[in-house]
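2 protein chains.
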Amino acid sequence: MKLNKNFRNLQDSYLFATIANRLSDYLAAHPDAPVIKLGIGDVTLPLPQVCVQAMEEASREMGVKETFKGYGDYPGYPFLREAVRGYYRSYGVELKANDVFISDGAKNDVANILDLFAQDNTVLVPDPVYPVYVDTNVMAGRKVVYISGNAENGFTPSPDPSIDADIIYICSPNNPTGAVYTKEGLKEWVDYANERQALILFDAAYEAFIEDPAYPHSIYEVEGARTCAIEICSLSKTAGFTGTRCGYTIIPEELERDGESLNQLWLRRQSTKHNGVSYIIQRGAAAVFTPEGLAQCKENIAYYKENTRMLAKVLDEKGIFYTGGKNSPYVWLKAPGGKKSWEFFDLLLNDLNIVGTPGSGFGENGEGYFRLTGFGSREQTEIAVERLRKLL
Amino acid sequence: MKLNKNFRNLQDSYLFATIANRLSDYLAAHPDAPVIKLGIGDVTLPLPQVCVQAMEEASREMGVKETFKGYGDYPGYPFLREAVRGYYRSYGVELKANDVFISDGAKNDVANILDLFAQDNTVLVPDPVYPVYVDTNVMAGRKVVYISGNAENGFTPSPDPSIDADIIYICSPNNPTGAVYTKEGLKEWVDYANERQALILFDAAYEAFIEDPAYPHSIYEVEGARTCAIEICSLSKTAGFTGTRCGYTIIPEELERDGESLNQLWLRRQSTKHNGVSYIIQRGAAAVFTPEGLAQCKENIAYYKENTRMLAKVLDEKGIFYTGGKNSPYVWLKAPGGKKSWEFFDLLLNDLNIVGTPGSGFGENGEGYFRLTGFGSREQTEIAVERLRKLL
Numbered sequence: 001m002k003l004n005k006n007f008r009n010l011q012d013s014y015l016f017a018t019i020a021n022r023l024s025d026y027l028a029a030h031p032d033a034p035v036i037k038l039g040i041g042d043v044t045l046p047l048p049q050v051c052v053q054a055m056e057e058a059s060r061e062m063g064v065k066e067t068f069k070g071y072g073d074y075p076g077y078p079f080l081r082e083a084v085r086g087y088y089r090s091y092g093v094e095l096k097a098n099d100v101f102i103s104d105g106a107k108n109d110v111a112n113i114l115d116l117f118a119q120d121n122t123v124l125v126p127d128p129v130y131p132v133y134v135d136t137n138v139m140a141g142r143k144v145v146y147i148s149g150n151a152e153n154g155f156t157p158s159p160d161p162s163i164d165a166d167i168i169y170i171c172s173p174n175n176p177t178g179a180v181y182t183k184e185g186l187k188e189w190v191d192y193a194n195e196r197q198a199l200i201l202f203d204a205a206y207e208a209f210i211e212d213p214a215y216p217h218s219i220y221e222v223e224g225a226r227t228c229a230i231e232i233c234s235l236s237k238t239a240g241f242t243g244t245r246c247g248y249t250i251i252p253e254e255l256e257r258d259g260e261s262l263n264q265l266w267l268r269r270q271s272t273k274h275n276g277v278s279y280i281i282q283r284g285a286a287a288v289f290t291p292e293g294l295a296q297c298k299e300n301i302a303y304y305k306e307n308t309r310m311l312a313k314v315l316d317e318k319g320i321f322y323t324g325g326k327n328s329p330y331v332w333l334k335a336p337g338g339k340k341s342w343e344f345f346d347l348l349l350n351d352l353n354i355v356g357t358p359g360s361g362f363g364e365n366g367e368g369y370f371r372l373t374g375f376g377s378r379e380q381t382e383i384a385v386e387r388l389r390k391l392l
Numbered sequence: 001m002k003l004n005k006n007f008r009n010l011q012d013s014y015l016f017a018t019i020a021n022r023l024s025d026y027l028a029a030h031p032d033a034p035v036i037k038l039g040i041g042d043v044t045l046p047l048p049q050v051c052v053q054a055m056e057e058a059s060r061e062m063g064v065k066e067t068f069k070g071y072g073d074y075p076g077y078p079f080l081r082e083a084v085r086g087y088y089r090s091y092g093v094e095l096k097a098n099d100v101f102i103s104d105g106a107k108n109d110v111a112n113i114l115d116l117f118a119q120d121n122t123v124l125v126p127d128p129v130y131p132v133y134v135d136t137n138v139m140a141g142r143k144v145v146y147i148s149g150n151a152e153n154g155f156t157p158s159p160d161p162s163i164d165a166d167i168i169y170i171c172s173p174n175n176p177t178g179a180v181y182t183k184e185g186l187k188e189w190v191d192y193a194n195e196r197q198a199l200i201l202f203d204a205a206y207e208a209f210i211e212d213p214a215y216p217h218s219i220y221e222v223e224g225a226r227t228c229a230i231e232i233c234s235l236s237k238t239a240g241f242t243g244t245r246c247g248y249t250i251i252p253e254e255l256e257r258d259g260e261s262l263n264q265l266w267l268r269r270q271s272t273k274h275n276g277v278s279y280i281i282q283r284g285a286a287a288v289f290t291p292e293g294l295a296q297c298k299e300n301i302a303y304y305k306e307n308t309r310m311l312a313k314v315l316d317e318k319g320i321f322y323t324g325g326k327n328s329p330y331v332w333l334k335a336p337g338g339k340k341s342w343e344f345f346d347l348l349l350n351d352l353n354i355v356g357t358p359g360s361g362f363g364e365n366g367e368g369y370f371r372l373t374g375f376g377s378r379e380q381t382e383i384a385v386e387r388l389r390k391l392l
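Just so you know, the sequences run in chain order Y and B.
At position 156 of the first sequence the residue is numbered 156 (my numbering), and the sequence of numbers has no breaks.
At position 314 of the second sequence the residue is numbered 314 (my numbering), and the sequence of numbers has no breaks.
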């Protein structure tokens, strides 16, 4: 029996393990240090009550013969697919009923969608980047090329016509940089993809953090995207579903390559390798899209964003370059004094008792950068801001 | 952008679509016909109350900041992994803590585990078979060879030393035939796999239907299995979780191929392409393994099995060959009078208003066979049995 040898080409990602080790070493030496963690990309506020109630009710339905649910529809229950359509409609995007597929979360679909594509495609990934885009393609033996995000292009690179890419990843608002593409910026990519029959995988996991109307929530706000883009989104950051697990993937019915419908291929993939998302969780997800659910989510996001704004403010005061901080839970800052990412990590940990994420963990272009998040508590973030103000 | 052309080699499975079409045609012509459906493989009894309560409670925890859960452990929460270990211990199998991975359901893992293996493996699949084994390998471009299940070997074929297989699927109790391997029968496969460093993918989805102590619930009851077998199981049939979605996969820590740990490869695969199972659902799943949960599940299974026993009894009376009917929810019968599977389907639908599943839909060797299930209600099954008694 032969193993998939591509796994051997994976870079062992010690990023978060190394962070955890350095922190535990520090805490062993300084057991009472008041450490504040601003490194995680995980939410901390509870679910909206309307979601909780919907899942309690759905759990009870599962305990009664008349309302019990067995296997559901592979692409998700119509009540949730319609709720997602309604959400898109709220920012002006009209989807078709069959465009929407419900998932266990964006990460699964970002990874599993690759089943539809041949091995000999060239994959274009921005650097710095969410490591999953690279690792899932390396596992499948695909060639990955990079396009540089950097201070000059505000970490929103434009297409390079000299690169002949087949599959293009775009994450906006971006993880880790917090940078957001404008419609014009995305239009360049849509045109590039349509011209060469490439495909865009658009990761919209952080769209709910956008408040500036200049920025699109969905790539389908851009003309031409329905013939070149798959959009993958999640309720993890929108509604605090990181531990509840639900997302959705949009594959427009008219998206074809090699004369085949990608929507139909994905349906075939999912009906063969998946059995749908829990009814209970789908009920909780549908509650997100009620007026009450949306209002509570907006309140939670405003809380995280106020944290992020406070972090950005101190950088503004000190004249430190950063991206994000506004339409994103992340602040991506240039480490002052030309410090390397890990040097700055050690400085913050040792001198300020603040834990963040070294930018070099997200790719070569992340060297010298550092990520802080607004997902902590207000109190802790306020203390962190005061400490940063003194140091920087 | 090039598509995965292996999808073009998939046989379009019209089995259940064709069944649905023939039924709706019949009902259009006979709108009041009292049709009884014994074709589905889906459960109909509600979840145990202890599961419902656990999920209600977990839903409420998600609505309170102090008990809210974000991202969980990739392999599942320790409370559920330990509960699964305890369940295995109850029939004498001692697993290691890290052997257990929690999943969204057996189908996902049966499919996704293939990511670990090279394309140029030879896959051995019994015929008749659950179509997912074949389709997932065809999608990945792997060569599939078959071994015949038939009346002579009681649909539990033994290894054929002339076939050089790398990956071997065994489903016991079997879907669709209901046949169950003895320990001795499985030992032949374990020895075959260990000798040639092949790998067994053991699908134990129906293990909870075994009552005869002569039959193993787990392949790890067989000596040598920890060095050659991955076991995939589900709460779908054990506890009625088809719409709730939770299962588990066992990869023994000592299972290695090419000097690599399959347990570690799977952990890497899951941490890259998956984000764990919902906390709420894992709490519901853990409740299955409480004394109260197990008692309720046993009661539900006894209900389905009594239905199955009634179906088997009428076949015994009429001297019709079948497998299953005892340690399985399925009865797999030889259509009387040498009828083909679809002929018998039409006969049952038209003359008895009973819907079953033609065996030919599960592979060439299924031709002339027919599957009935015990998942209907008692009342409907009793009526069906009376109708069958008159016809056969």
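Derived by calculation from the structure, the hints in this document are not laboratory data.
Note that the coordinates shown come from a computational prediction; the quantities given were computed from them, not determined experimentally.
Just so you know, not all the hints are guaranteed correct.
No copy is singled out in the list; a pair is fine if it fits within one copy or between any two copies.
Said to hold, decoys possible - Restricting the straight-line Cα-Cα distance to at most 30 angstroms, the calculated cross-link-like pairs of lysine-lysine (DSS-like) are:
no., residue 1, residue 2
1, LYS143, LYS96
2, LYS298, LYS2
3, LYS69, LYS273
4, LYS143, LYS2
5, LYS143, LYS318
6, LYS313, LYS143
7, LYS2, LYS334
8, LYS5, LYS334
9, LYS273, LYS390
10, LYS313, LYS326
11, LYS37, LYS318
12, LYS37, LYS187
13, LYS143, LYS65
14, LYS65, LYS334
15, LYS69, LYS339
16, LYS65, LYS298
17, LYS313, LYS65
18, LYS340, LYS326
19, LYS390, LYS187
20, LYS69, LYS318
21, LYS326, LYS298
22, LYS69, LYS5
23, LYS37, LYS273
24, LYS96, LYS273
25, LYS390, LYS318
Status of the hints after comparison with the structure:
1. LYS143 to LYS96: neither (33 angstroms within a copy, 38 angstroms between copies)
2. LYS298 to LYS2: neither (50 angstroms within a copy, 40 angstroms between copies)
3. LYS69 to LYS273: both (20 angstroms within a copy, 27 angstroms between copies)
4. LYS143 to LYS2: This pair counts as both: shortest intra-copy Cα distance 21 angstroms, inter-copy 13 angstroms.
5. LYS143 to LYS318: Classified as neither: same-chain Cα gap 41 angstroms, cross-chain 63 angstroms, threshold 30 angstroms.
6. LYS313 to LYS143: neither (40 angstroms within a copy, 60 angstroms between copies)
7. LYS2 to LYS334: neither (45 angstroms within a copy, 39 angstroms between copies)
8. LYS5 to LYS334: Classified as neither: same-chain Cα gap 37 angstroms, cross-chain 45 angstroms, threshold 30 angstroms.
9. LYS273 to LYS390: This pair counts as neither: shortest intra-copy Cα distance 54 angstroms, inter-copy 41 angstroms.
10. LYS313 to LYS326: Classified as within: same-chain Cα gap 10 angstroms, cross-chain 70 angstroms, threshold 30 angstroms.
11. LYS37 to LYS318: Within one copy, since 22 angstroms is at most 30 angstroms while 72 angstroms is not.
12. LYS37 to LYS187: Classified as neither; 37 angstroms inside a copy, 52 angstroms across copies.
13. LYS143 to LYS65: neither (51 angstroms within a copy, 43 angstroms between copies)
14. LYS65 to LYS334: Neither, since 59 angstroms and 33 angstroms both go past 30 angstroms.
15. LYS69 to LYS339: Classified as neither; 56 angstroms inside a copy, 35 angstroms across copies.
16. LYS65 to LYS298: between (37 angstroms within a copy, 17 angstroms between copies)
17. LYS313 to LYS65: between (56 angstroms within a copy, 27 angstroms between copies)
18. LYS340 to LYS326: within (25 angstroms within a copy, 67 angstroms between copies)
19. LYS390 to LYS187: neither (42 angstroms within a copy, 69 angstroms between copies)
20. LYS69 to LYS318: Intra 57 angstroms, inter 36 angstroms, cutoff 30 angstroms: neither.
21. LYS326 to LYS298: Result: close within a single copy only, 14 angstroms intra versus 55 angstroms inter.
22. LYS69 to LYS5: neither (41 angstroms within a copy, 35 angstroms between copies)
23. LYS37 to LYS273: Answer is between: at 26 angstroms across copies they meet the 30 angstroms cutoff, but 38 angstroms inside does not.
24. LYS96 to LYS273: both (24 angstroms within a copy, 28 angstroms between copies)
25. LYS390 to LYS318: Result: close within a single copy only, 10 angstroms intra versus 90 angstroms inter.
In summary, the structure is inconsistent with hints 1, 2, 5, 6, 7, 8, 9, 12, 13, 14, 15, 19, 20 and 22 from the numbered list given earlier, while agreeing with the others.
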